[in-house]
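Chains as they are written, first to last, in my numbering: chain A, 1 to 372; chain B, 1 to 372.
It cannot be assumed that every hint is accurate.
For each label pair, taking beta carbons as the anchor points, the in silico distance ranges come out as [claimed, not checked]:
no.: 1; chain 1: B; residue 1: Asp-239; chain 2: A; residue 2: Arg-196; range: 16 to 26 Å
no.: 2; chain 1: A; residue 1: Gly-302; chain 2: B; residue 2: Arg-209; range: 27 to 37 Å
no.: 3; chain 1: B; residue 1: Asp-172; chain 2: A; residue 2: Lys-273; range: 35 to 45 Å
no.: 4; chain 1: A; residue 1: Asp-321; chain 2: B; residue 2: Lys-267; range: 46 to 56 Å
It should be emphasised that the hints constitute simulated quantities derived from the structure, not laboratory data. Positions of the beta carbon are idealized from the N, C-alpha and C atoms, including for glycine.
2 protein chains.
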Amino acid sequence: MTNDPVRASADFIEQFMVDVFCGLGVPEEDAKVCAEVLICADKLGIDSHGINRCKPIYYDRIKSGILNPVTHFEIVRDSKATAVVDGHNGMGHVVAKRCMQMAIEKAREHGVGCVVARNSTHFGIAGYYALMAAEAGMIGQISTNARPSIAPTFGVENMLGTNPLTFAMPSDEKFPFMIDCATSVCQRGKIELYERMGKDTPAGLVIDRSGKTRTDTSRILADLKSGKAALVPLGGLGDETGGHKGYGYATTVELLSSALQNGNSMKQLSGVKEGKPTPIELGHFFMAIDVQAFIDLEKFKGNVGHVLRELRVSAKAPGRDRIYTAGEKEGIALEERSKNGIPLPGAIVADMKAMRDELGLSQYKVFPWEQR
Amino acid sequence: MTNDPVRASADFIEQFMVDVFCGLGVPEEDAKVCAEVLICADKLGIDSHGINRCKPIYYDRIKSGILNPVTHFEIVRDSKATAVVDGHNGMGHVVAKRCMQMAIEKAREHGVGCVVARNSTHFGIAGYYALMAAEAGMIGQISTNARPSIAPTFGVENMLGTNPLTFAMPSDEKFPFMIDCATSVCQRGKIELYERMGKDTPAGLVIDRSGKTRTDTSRILADLKSGKAALVPLGGLGDETGGHKGYGYATTVELLSSALQNGNSMKQLSGVKEGKPTPIELGHFFMAIDVQAFIDLEKFKGNVGHVLRELRVSAKAPGRDRIYTAGEKEGIALEERSKNGIPLPGAIVADMKAMRDELGLSQYKVFPWEQR
Numbered sequence: 001m002t003n004d005p006v007r008a009s010a011d012f013i014e015q016f017m018v019d020v021f022c023g024l025g026v027p028e029e030d031a032k033v034c035a036e037v038l039i040c041a042d043k044l045g046i047d048s049h050g051i052n053r054c055k056p057i058y059y060d061r062i063k064s065g066i067l068n069p070v071t072h073f074e075i076v077r078d079s080k081a082t083a084v085v086d087g088h089n090g091m092g093h094v095v096a097k098r099c100m101q102m103a104i105e106k107a108r109e110h111g112v113g114c115v116v117a118r119n120s121t122h123f124g125i126a127g128y129y130a131l132m133a134a135e136a137g138m139i140g141q142i143s144t145n146a147r148p149s150i151a152p153t154f155g156v157e158n159m160l161g162t163n164p165l166t167f168a169m170p171s172d173e174k175f176p177f178m179i180d181c182a183t184s185v186c187q188r189g190k191i192e193l194y195e196r197m198g199k200d201t202p203a204g205l206v207i208d209r210s211g212k213t214r215t216d217t218s219r220i221l222a223d224l225k226s227g228k229a230a231l232v233p234l235g236g237l238g239d240e241t242g243g244h245k246g247y248g249y250a251t252t253v254e255l256l257s258s259a260l261q262n263g264n265s266m267k268q269l270s271g272v273k274e275g276k277p278t279p280i281e282l283g284h285f286f287m288a289i290d291v292q293a294f295i296d297l298e299k300f301k302g303n304v305g306h307v308l309r310e311l312r313v314s315a316k317a318p319g320r321d322r323i324y325t326a327g328e329k330e331g332i333a334l335e336e337r338s339k340n341g342i343p344l345p346g347a348i349v350a351d352m353k354a355m356r357d358e359l360g361l362s363q364y365k366v367f368p369w370e371q372r
Numbered sequence: 001m002t003n004d005p006v007r008a009s010a011d012f013i014e015q016f017m018v019d020v021f022c023g024l025g026v027p028e029e030d031a032k033v034c035a036e037v038l039i040c041a042d043k044l045g046i047d048s049h050g051i052n053r054c055k056p057i058y059y060d061r062i063k064s065g066i067l068n069p070v071t072h073f074e075i076v077r078d079s080k081a082t083a084v085v086d087g088h089n090g091m092g093h094v095v096a097k098r099c100m101q102m103a104i105e106k107a108r109e110h111g112v113g114c115v116v117a118r119n120s121t122h123f124g125i126a127g128y129y130a131l132m133a134a135e136a137g138m139i140g141q142i143s144t145n146a147r148p149s150i151a152p153t154f155g156v157e158n159m160l161g162t163n164p165l166t167f168a169m170p171s172d173e174k175f176p177f178m179i180d181c182a183t184s185v186c187q188r189g190k191i192e193l194y195e196r197m198g199k200d201t202p203a204g205l206v207i208d209r210s211g212k213t214r215t216d217t218s219r220i221l222a223d224l225k226s227g228k229a230a231l232v233p234l235g236g237l238g239d240e241t242g243g244h245k246g247y248g249y250a251t252t253v254e255l256l257s258s259a260l261q262n263g264n265s266m267k268q269l270s271g272v273k274e275g276k277p278t279p280i281e282l283g284h285f286f287m288a289i290d291v292q293a294f295i296d297l298e299k300f301k302g303n304v305g306h307v308l309r310e311l312r313v314s315a316k317a318p319g320r321d322r323i324y325t326a327g328e329k330e331g332i333a334l335e336e337r338s339k340n341g342i343p344l345p346g347a348i349v350a351d352m353k354a355m356r357d358e359l360g361l362s363q364y365k366v367f368p369w370e371q372r
């Protein structure tokens, strides 16, 4: 059992992150939003976008001065069902949550609400905001652009972000329907997982400048960073297995996220200018569709649940005893982790100690898992 | 050159289809809509959804009494930015075009418009309706469900339709951005193409009940029809290459298309009941987003065009001299076919003759390509 990660309750980790963000100069109310979005990923088992990102993304960027801890949320344009917001390089979670709240309010009034943000920053999981809609009895559709990493079909250059196209809908089950995923075959986080497991990366996930698919996990991670390698769009290399579709959806997300708000896109989001780190000012797209403008909400939830249940009971492939529907694995993780806590691998614990020590958060002198 | 298909002008084929639909009892105004949507596919090079579908889908269904030639378009519910429509098993093109017009009008008024249809039928290419939005200076997002053909990840049963998730946006280029594709790796039409070419189907596109991928093209086509085989979701078999993502998007489309309008889904759309053909009453989802509610339209078009041009000039894979963006190949086909006409393979010409003779369309006694 010595290699098992320690575990801590979601509440504890969330409060720790609130204190970290406050220590960095994020106002308390905003710090709570940032922590809430990050811990939501951990609760749902989306380990690539939770506490593990606290230091390398937000902490380090605020420290290096390329991310504003204080968010100036400016509504640039506001009409009936639509709005454009400027986040002025503040905390992406804070910008995004307020945008989604606006979209939900507009949908309550008009049936649909659509808000786009410019000069925002990394907002955590898109799913958090889609779930806000589902909890409000609405369909949520969210997109954001991101640092360039996907190569176009027949190309080899990292051009498009992992650009999630995310949907959530309320259901009559324990957890809403939710699909929250990158429009590449996989994200960097999955390759980092292969590294931790000491495994080669499967063919077809990463392409390098020679046009060949790469499997050497450690070198892939370095080459993705330097731009010598790129992620393959959902559907795979070339167009025979539909790679042009994933590429088309990644482009759709790039356009939804940038063109409506007249903002940055693709290489402008690389975070480096003349060899120095620069702000990564992202664009987001938030849509809420009020179910009750179309149909009784309970009826809708039943309809959604019915489709999901039919899918699950359909004929399994030999050797497979279970078919999942989107959002189900997240719902299972939520249940398990609310009982057993969130696993914290050694690298994350080390980051937590570093942040505690640097910020002088003396209330965390002894972490709960260190107590005997 | 003897095996080259004959060609005819789009205008000629369109008028022929108008006359066919009128001959079947479709009112002239509606017949024009049906023909316009179908010829749009032919003009754009989407040969799977144009004149080739006229007979096996619409003609045969009207003849067999499972599709109403006269469309009763009923607005069931209409509020600010939203509406629910019932198509009463009429012509899908007619239902869909009016729904999209409503969505566009609502978007002009509120910034966004969202209309769903129930008891509609096969509406041709989703792209036609997305392009209506683009032509109106809007973003179009369209979905429809369809006869069950995609197997869930880890499943082998045909459950979900090819369920397109379609977007179009205006650009400053000759043709709008448009992605109009199934959420499976490929559609049946592509496998029919492999058959015409006498080629095996590549592995990973089709799965059968044993869980194995199939390559025997002719038997695949029979087994897809009988439900012994199913299409693989975009991303491929299993979840390692992202198949669960395509499956998740196919489910999203199924839900958007059915749950909001309280309609049929999945197996209910198989078109067969107790061995007899029955109506296939589909659901559609139409969204229009008015660009001008967010940004000056010309500015938006320039932003879209800029992203597309950057993608095209990015580094090519060795041996590839061109990167396409979504909608570009359709734009190229449009130019070429407006000069040279639409190719009509022998099977389509035979269908045209059969329809002409059965309906007594004597004005087409000699087709233009038969004149010397």
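Cross-check of the supplied hints:
As the Cβ distance of Asp-239 of chain B to Arg-196 of chain A is approximately 19 Å, the hint placing it in 16 to 26 Å holds. A C-beta distance of roughly 30 Å is found between Gly-302 of chain A and Arg-209 of chain B, which places it inside the suggested range of 27 to 37 Å. At roughly 27 Å, the beta-carbon separation of Asp-172 of chain B and Lys-273 of chain A lies outside the given 35 to 45 Å, and the hint is violated. Evaluation of the 46 to 56 Å hint for Asp-321 of chain A and Lys-267 of chain B yields a failure: the beta carbon distance comes to about 22 Å.
Hint check: violations occur at hints 3 and 4; the rest are consistent with the structure.
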